[in-house]
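Asks: Residues per chain, in single letters:
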Amino acid sequence: MAGSGHAPLRDDPNVLLTIQDLEVEFPVGKGAVVHAVSGISFDVFEGETLGIVGESGCGKSTVAKSIIRLNDIKAGSVDYQGHKLADLEGEALRRIRPDLQMIFQDPISSLNPRRKIRDVISEGLAVWGDDRGSWPQDRIEELMTAVGIDPKYGDRRPHQFSGGQCQRIGIARALALDPKMMICDEPVSALDVSVQAQVLNLLEDMKERYGLTLLFISHDLSVVKNVSDRIIVMYLGKACEIGNADELYEHPRHPYTRALLASIPEPAPTVDPSDGDIEGELPSPITPPAGCRFNTRCGHASDICFTEEPQMQRVPGEDHYFACHHPVEVSVGV
Amino acid sequence: MADPQLSVRDLTVRFPTTRGTVQAVNGVSFELEQGQMLGIVGESGSGKSVTAKTLMNLLPRTAEIEGSVMFDGQDVRQAAADGRDHFWGVEMTMVFQDPMTSLNPVKKCGEQIAETIRYHLGQSKSEALAMAEDLLGQVGIPEPGKRVSQYPHELSGGLRQRVVIAMALACQPKLLIADEPTTAVDVTVQRHILNLLDSLREERGMSMILITHDLGVARGRCDDVAVMYAGRIVERSATETLFGDSRHPYTDALLRSIPRIDQPSHTRLDPIPGRPPELINPPVQCAYAPRCRYAQPDCLKSIPEAQGVEGMHEFACHHPANTDQGREALAANVAAGRNASGMPVAGYAGTGGF
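Residue numbers (my numbering), protein chains in the order written: chain A, 1 to 334; chain B, 1 to 354.
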């Protein structure tokens, strides 16, 4: 599974971010490296929500962090509106940063416990404001109101808020600099279900109101489907399947996508529940399997899967790409 | 009908703190028949883990406990008072959420399991280690002979959770309490672990309590489900009834608030407004009333008693959903634009199952 290739890249003026052949490795000593991301290519349209789904260790957070330079990349390019992000240095990089903001998984630990939330939200403005670091006084009030926190609580500190409220504060902080793109790394995983729905709706509202492009990372397939226009399914550092959210869940081609969809407690109606019985353990990312990376656990694997890496190919007529030598046929025909 | 294997009556747990007394569990009652799986669902702070820890005698000494817990004809709270160490871990065991923190990181997996066996059953070290290896095989761990001498950090999350399950099974328990056993693992692993628990329960005729915040997990695996909110069971019934014909507005709202895989993307979710109440000095009213679309003035005056068919489908609500009484209350609130405690209420399209 899990192949490479540029098929999913679109030649279109609306493209905001293009990732090509991204590779990220982390040394773990004695010359060994973890192959966290191994050649992934995709793009994001302006105003689109792209979901990345996969299990722990598949590299989804590493992709996100590579975009905002929280980790170095080994090869490939991250192209944001004509800027090669990986090559930017110093002031040029600093100028780009407000455009790309991130929301993290644990809402409480991502806020400084010793600061008032008004200061937490306005820190970016204090750095960026205008030349004197000033900004309209009602800006913070507006942001707090927009995310559903009463501005009168601006002098409170993070521990005085619940997890859901802290995540709202994190969203307000990300919005403060009027970003183009917001990267959400498991933003609702730490929240209770009743609060999760509030935050997901809030993200949709903020996207609408501030014209955002979202990159939404989650291990929860239902959550990802709810917010995304397009979805990438990742496994062991590679992309298996990319496509329109509804189409991908309706007609999953890759055996791994089907396994994921069949494993959730309320399996998707489009797959056979027995597809969820994938055997064995996730292989080590230090020595990933040759050929298709899913070959150790795939029920369809044949000789070619162990020698040749599948390339991304398009489902004719659909915004849907998969990398598999033996895709699951669906009734509409490939 | 014989007495149920486990019977909890009017269980109340309070924790004195410097800010006041926390009412963690408030008059919880339920039964469990042998071989059955009971699901307890609820959000953080609803009292589901405290209930489990009460059964397992794991609460701190400061906790004030009232009510009765009968298991297999024995008074569990009396067993605690008598210091019967070989009750927990033998007749009744528990599996915790995070397998990394429930295993000792500096002790080999086999030794940890053997420790339990030696303490409770008095086996020799070599006998206990052989049993440990056998148990690892039973919970589906490949190469058990190699795993017994590995440390927890050498195993994946899924295997670690299997080691914890093997340890819990070591003394052939009659009841296994699993507190969020799959919350820390991925979906494909979750499926394996839940399948394993299902088959072990069947093979051994063991009863289980599955504590989870995931309604999908409860629906797929449990015979009965109890929904907890603010320290009380607000609804309890057979799983099918609960998911198809719920009565408590909280259950109904929870089912509506989760994104569903069979809905198209960008389906607007129906969240529960507000947040759970403080458990210190709660007012005498239905705890859910401030967030409830159905709440009427009487909901703010008294705590609703459980009603319905005892042991079959019980719910604690003055204006139950999916009944004429509930529909009237909802229609009145929608017309007024707010509920009895002032929360805005907008109409939504009909009521429906999960």
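Hint data in this document are derived by calculation from the structure and do not stem from the laboratory.
Be aware that one or more of the hints could be misleading.
As the list claims (entries may be wrong) - According to the in silico footprint, chain A covers these stretches of chain B (three or more CB under 8 Å from chain A):
| id | stretch |
| --- | --- |
| 1 | 26 to 39 |
| 2 | 80 to 93 |
| 3 | 150 to 161 |
| 4 | 298 to 310 |
Claimed, not checked - Far from chain B, by Cβ distances over 12 Å, these chain A residues were calculated:
| id | residue |
| --- | --- |
| 5 | 4 |
| 6 | 16 |
| 7 | 28 |
| 8 | 30 |
| 9 | 51 |
| 10 | 55 |
| 11 | 74 |
| 12 | 94 |
| 13 | 152 |
| 14 | 154 |
| 15 | 165 |
| 16 | 229 |
| 17 | 250 |
To be verified - Derived contacts from chain A toward chain B, CB cut-off under 7 Å, selection only:
| id | residue |
| --- | --- |
| 18 | 56 |
| 19 | 228 |
| 20 | 245 |
| 21 | 247 |
For every residue, glycine included, the Cβ atom is placed at its ideal position computed from N, Cα and C.
Asks: Checking a non-interface call: every C-beta of chain B should be farther than 12 Å from the C-beta of residue 165(A). Is that right?
Replies: Answer for residue 165(A): violated, closest chain B Cβ roughly 8 Å.
Asks: Please check whether the beta-carbon of residue 152(A) is more than 12 Å away from every beta-carbon in chain B.
Replies: holds (17 Å)
Asks: Is the coverage entry for the stretch 298 to 310 of chain B by chain A consistent with the three-residue Cβ rule at 8 Å?
Replies: violated (count 0)
Asks: Verify that the Cβ of residue 30(A) lies farther than 12 Å from every Cβ atom of chain B, and report whether the claim holds or is violated.
Replies: Check passes; 17 Å lies beyond 12 Å.
Asks: Between the stretch 150 to 161 of chain B and chain A, see if three or more residues pass the 8 Å beta-carbon test, and mark the coverage as holds or violated.
Replies: Per the Cβ count (4), the hint holds.
Asks: Just want to verify: residue 51(A) was marked as not at the interface with chain B; is every Cβ pair farther apart than 12 Å?
Replies: violated (9 Å)
Asks: A cut-off of 12 Å on Cβ-Cβ distance, and residue 94(A) was said to be off the interface with chain B. Does that hold?
Replies: holds (35 Å)
Asks: Once the closest CB in chain B is found, is it more than 12 Å from residue 4(A)?
Replies: holds (24 Å)
Asks: Confirm or reject: residue 154(A) is not an interface residue toward chain B, with every Cβ-Cβ distance exceeding 12 Å.
Replies: Correct as stated: the minimum Cβ-Cβ distance to chain B is 19 Å, above 12 Å.
Asks: The stretch 80 to 93 of chain B covered by chain A? Criterion: 3 or more residues, Cβ-Cβ distance below 8 Å.
Replies: Our answer is that it is violated, as 0 residues pass the Cβ test (under 8 Å) against chain A, missing three.
Asks: With d taken as the least Cβ-Cβ distance between residue 250(A) and chain B, does d exceed 12 Å?
Replies: violated (10 Å)
Asks: Are all beta-carbon distances from residue 55(A) to chain B longer than 12 Å?
Replies: Given a closest Cβ separation of 4 Å, the condition is violated.
Going down the numbered hints, you'll see the structure goes against 1, 2, 4, 9, 10, 15, 16, 17, 21, while the others check out.
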